[in-house]
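Q: Put chain B on the given structure of chain A with help from the hints.
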Amino acid sequence: MGTSVQVTPLSGVFNENPLSYLVSIDGFNFLIDCGWNDHFDPSLLQPLSKVASTIDAVLLSHPDTLHLGALPYAMKQLGLSAPVFSTEPVYRLGLLTMYDQYLSRRQVSEFDLFTLDDIDSAFQSVTRLTYSQNYHLSGKGEGIVVAPHVAGHLLGGTVWKITKDGEDVIYAVDYNRRKEKHLNGTVLESFVRPAVLITDAYNALHNQPPRQQREMFQDAISKTLRAGGNVLLPVDSAGRVLELLLILEDYWAEHSLNYPIYFLTYVSSSTIDYVKSFLEWMGDSITKSFETSRDNAFLLKHVTLLINKSELDNAPDGPKLVLASMASLEAGFSHDIFVEWASDVKNLVLFTERGQFGTLARMLQADPPPKAVKVTMSRRVPLVGEELIAYEEEQTRLKKEEALKASLVKEEESKASLGPDNNLSGDPMVIDANNANASADVVEPHGGRYRDILIDGFVPPSTSVAPMFPFYENNSEWDDFGEVINPDDYIIKDEDMDQAAMHIGGDDGKLDEGSASLILDAKPSKVVSNELTVQVKCLLIFIDYEGRADGRSIKTILSHVAPLKLVLVHGSAEATEHLKQHCLKHVCPHVYTPQIEETIDVTSDLCAYKVQLSEKLMSNVLFKKLGDYEIAWVDAEVGKTENGMLSLLPISTPAPPHKSVLVGDLKMADLKPFLSSKGIQVEFAGGALRCGEYVTIRKVGPAGQKGGGSGTQQIVIEGPLCEDYYKIRAYLYSQFYLL
Amino acid sequence: MTHATKAIYKLLLTDYVKVSKVSVEDMLFDEQDINRSMDKIEVLDFHQTVEVNGIKFWCYTAGHVLGAAMFMVDIAGVRVLYTGDYSREEDRHLRAAELPQFSPDICIIESTYGVQLHQPRNIREKRFTDVIHSTISQGGRVLIPAFALGRAQELLLILDEYWSNHPEFHNIPIYYASPLAKKCMAVYQTYILSMNERIRNQFANSNPFKFKHISPLNSIDDFSDVGPSVVMASPGGLQSGLSRQLFDIWCSDKKNACVIPGYVVEGTLAKTIISEPKEVTLMNGLTAPLNMQVHYISFSAHADYAQTSTFLKELMPPNIILVHGESHEMGRLKTKLMTELADCNTKIITPKNCQSVEMYFNSEKMAKTIGRLAEKTPEVGETVSGILVKKGFTYQIMAPDDLHIFSQLSTANITQRITVPYSGAFGVIKYRLEQIYESVESSTDEESGVPTLRVHDRVTLKQDSEKHISMHWTSDPISDMVSDSVVALVLNINREVPKVVVESEAIKSEEESGKKAEKVIHALLVSLFGDVKLGDNGKVVINVDGNVAHLDKQSGDVESENEGLKERVKTAFMRIQRAVKPIPLSAP
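Residue numbers (the numbering used here), protein chains in the order written: chain A, 1 to 739; chain B, 1001 to 1588.
Everything labelled a hint here was simulated from the structure, so no lab data went into it. Treat the hints with caution; some may be incorrect.
[What the hints assert, rightly or not] Straight-line distance between alpha carbons at most 20 Å, and here's what the computed PhoX-like set of lysine-lysine pairs gives:
id, chain 1, residue 1, chain 2, residue 2
1, B, K1182, A, K276
2, A, K610, B, K1376
3, A, K276, B, K1210
4, B, K1390, A, K610
[Claimed, not checked] For the chain B half of the interface with chain A, some residues (derived, Cβ under 7 Å), not all of them:
id, residue
5, H1003
6, A1007
7, T1346
8, V1384
9, I1387
10, Q1408
11, I1414
Just so it is clear, the structure is predicted and the values come from calculations on it, not from any experiment. Ideal placement from N, C-alpha and C gives every residue a C-beta, glycine not left out.
This is chain A alone, in the form it adopts within the complex (with noise of 0.2 Å):
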């Protein structure tokens, strides 16, 4: 029998909700996609809590909040403890993004659900691959293989194939087939009946508008941008925001604009820099220009990254266009961004992807648009007078409390080593290369002085008697000169903009006065909030960038792949319903629509055994080629090995006579041209194919839809007793196999 697999949904069905799945099979639990979403509601992650201990792996596909949102919460909170899986990008991609999550969140509220170690830790157990390879599990998931495929949409973007005795579960959601300007389309087509496929129905009552919206796209911005106006594109952390970056440079580059385009979140920077050394997971044409001429396409000419909104405040006024993350409105630098242009006439507001549910930009986007929407404004600001005061002394208190503890320790512990730990000491740039090199620290912009509250920087050396701040000393060289110095020291800094993301922890003095450095550091602050109303009076437009197969296509895919067994999650009721009653119709007749935790036992019912082919029978054995395929008919004998494997040995009694079976897929259309270049004449007649002058060739019946129906075509050949009959029927069979 059939390998067993059942399939749990633990959020995200029968609505927009994020993605999160328990599938099992033969008892290994593959959670895939741990999805939160904006609004970080922990009563969301109520159904993954229950299962979390349980689950042996995790697949992420998506490098985006819905697909892996919750991990670092989980792996916290939850007790999920598994190995996770990924591609490069998203392991990477996904990491900026909930950077760039958190330190918005942590702007404008007491954000406490988890911290950017959380985080750190939660992506260091992941193990990444690249597309097409297959991993082979060992332990329990023994004899399982997954291996991560192109989806198109998101840069690294996955659909996962696990397999399992030579049967396949995919699991495939927000793929692309569509080619786009840094990412292939999907190779979702190229597999064909696997057991089980579990996709998504959230596109599947959309339909994309043609081409011509790349025209309204640019017209949009630039019309606005020549009347003096902003454009806002509110977009997510590193994920689209890619694509339409390429497109904006090209666009630029083309009409040779100058308006200033800012791409502004967190983490910018170090995405477009990793983006850089992301080539290989990227389109064909981005790669065939960097081989022949080494343009690296994410060398952006027209654009500014930016990590800090006062950044933009200094910005030369005129009109620009600004890519700013969140792009659910709800925070960070586009809910800033639209509150204050909002209320301007000449400004736009361009959204490229639907609005979570339940957001500002899902509000934003209805028909019509709000004249005016309640925002909520957040501000860190510096805690002073009173509030100062005891927060400080909560923190002396704490501070005792700490060192008491400390020193108790200590003294059980042997006095025999004293002094700072010699590894700290030596060479200056010894240190600052260990710091420089703490792997995934350096990219998260902690602070020095942050370190102390939230994570207890670092770890006081053992042999030290109480927690001390690290004592480096400077075993100073002197030369005929006096003291070797390091003109590094007295350089004034004057990096780059990259250096500065990259440096936020490193260098204390470096970090301006901005409100970031209020986040990261321990100054103590808090978040103050108001409510305004904000008067809608911009524009507002929304134009698909979202890069998913649309509902048209999404069923061409559907009705090629042809699973035997189909699960439909993530998407509206209504959508899940119409492509599911579609599905049954034209796809396959096992079409299953599971609830929030209701497990349904998708198990192929389908009955198999091993044999082996003894080389006595094949060498009797004449085989076709019929494509990819060799195909042939076998009579054989059942014996048995001597490892007691059934094996097939040569009919020793003549051959039962079975049904010829004509193997082939006739085309009419091919036939046709077939018929001609042997010197007949054909001509389509009412649905039938006339060959000369009496003989008509037809196909009856269901027209030959995989999967469902009898998968058998009827063809009809008719026509007076003559040569000619005789003739076309020897052509017509020169299209079939006969076995």
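A: Quick look at chain B alone, frame taken from chain A:
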């Protein structure tokens, strides 16, 4: 090839075309050819599995140069690993060659360094930096002749790091004087993902290939030789070009040093100066004293004996093929490996150029029986009949009706309808058909009410009009044959009516037909095997090249010493019998 290899390939060959000084006719290829080849090159990432005609292959990092790959090819379960140039030692930017997850059946492995051993990495790096340190401190200049790619980048990383750690050197310039290396730098700055963790972590900070202390140098004219400096220049052999120009200027000053960082080709100046001659010939033909210090520090990224033997011991391939090595060195390696792997029954082969190695693997062919055919697992002795579908190297057996479910193939039914002119009475046809066929059923068509005849449940005849009858049937060889005979019969009646048919004339006794079949079988066997005699106890004795087989014509059993002959006779007899015996029309 990998992405990085493809990018470098183009740079390297274009550079070659530009610098090669042969005439246009002698050129083997030009830039056009390179560009055309670029379109043909398929790229793949490390570990990405590619399948072509059922043959799967993927690659592992080889650690030799950026983008270098070891390929594993899987043909029907037999795995072949080709290492190419590889190194098991991690360096500053490259990952060490990976150890494949599966042991290959054949390992084709390089043997460049044979049984030699490398100096440990930290020692040679220390020697390298010490030489540079002391030379610079004495106010000398350091020349490093190196090929533009591969080791050059590693050395630059070492230098850049050394400079960062030694602020006192910050005013001493380092140059790399190779236009090709400069171009390749963009590739190095991009394909960070093909490098090791160390570089990737540094990348989080800033791109390590954006050197802080090293600048490119386009030509000797841009170089102001005013004080101590370090210059890395190509070519590595000091044949000509920038490295030679600098060598000529610097070679007579004993403060200067020349570091040769790796393998140098026999017959080049670099090879000559390793033996530290007193004098050298300059490019302008004059001789000059060789006073500069010459150091040979090998940074070669090939595996040495220690790496090769550990690699093979962990992989345990049953067959090893040694390639790419000087024949004596290879011989020594073979002997040494033989003793080391003595107890594992390993075959080691060292083929010469153009000598092909043939190995035979008898892998078991496994098939999966699926669908309706597999509803019940059969017992020993039962028969299994179905369509065997082969795709790549996987086999499946299924019922014809399931074909469209498990493969993209589909089946078809062809219904044939033919009208035959006939103006006689329908009853005559019936009468004549009954004489030939066992089963002829007559009924009337439900729609039109015309009489019909059904022969053996296969072919239906219908009297359409006074002048015509129509026949229809579903195509398959037997039905086609039946219909042909019916057509012939109908046409005969047309021609010969009226005629009295003599009954039973054509019907021969069963005995007679049996004898005839016997004769035919014998004749066919003779035509196939030549020497065929009728032996005693009714068996047929077949003699082929001294091998004798006894065939029992009743049961089809064959006895023979020779397995091959036995099988052949058996199959032949089976096919002959099938051809000679009457067709069972009652087949399903």
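Q: Taking the hints in turn, state whether each one holds.
A: For each hint, the structure was consulted:
1. Pair hint K1182 (chain B) plus K276 (chain A) holds up; C-alpha atoms about 18 Å apart against a cutoff of 20 Å.
2. Simply put, K610 (chain A) and K1376 (chain B) have alpha-carbon atoms about 12 Å apart, close enough for the 20 Å limit, and the pair holds.
3. The straight-line distance between the Cα atoms of K276 (chain A) and K1210 (chain B) is roughly 14 Å, inside the 20 Å bound, and the hint therefore holds.
4. A hinted pair counts as satisfied when its Cα atoms are at most 20 Å apart, and K1390 (chain B) with K610 (chain A) qualifies at roughly 14 Å.
5. Satisfaction of the interface hint for H1003 (chain B) is found here, the shortest Cβ-Cβ separation to chain A being roughly 4 Å, below the 7 Å cut-off.
6. Interface restraint check: A1007 (chain B) against chain A, minimum CB-CB distance 5 Å, threshold 7 Å, status holds.
7. Given hint, T1346 (chain B) at the interface with chain A, is violated; its Cβ is 25 Å from that chain's nearest Cβ, farther than 7 Å.
8. Residue-level restraint check for V1384 (chain B) holds (minimum Cβ-Cβ distance to chain A is 5 Å; threshold 7 Å).
9. Interface restraint check for I1387 (chain B): the shortest CB-CB distance to chain A comes to about 6 Å, inside 7 Å, so the restraint holds.
10. Residue-level restraint check for Q1408 (chain B) holds (minimum Cβ-Cβ distance to chain A is 6 Å; threshold 7 Å).
11. Given the 7 Å rule on beta carbons, the hint for I1414 (chain B) holds: about 5 Å separates it from the nearest Cβ of chain A.
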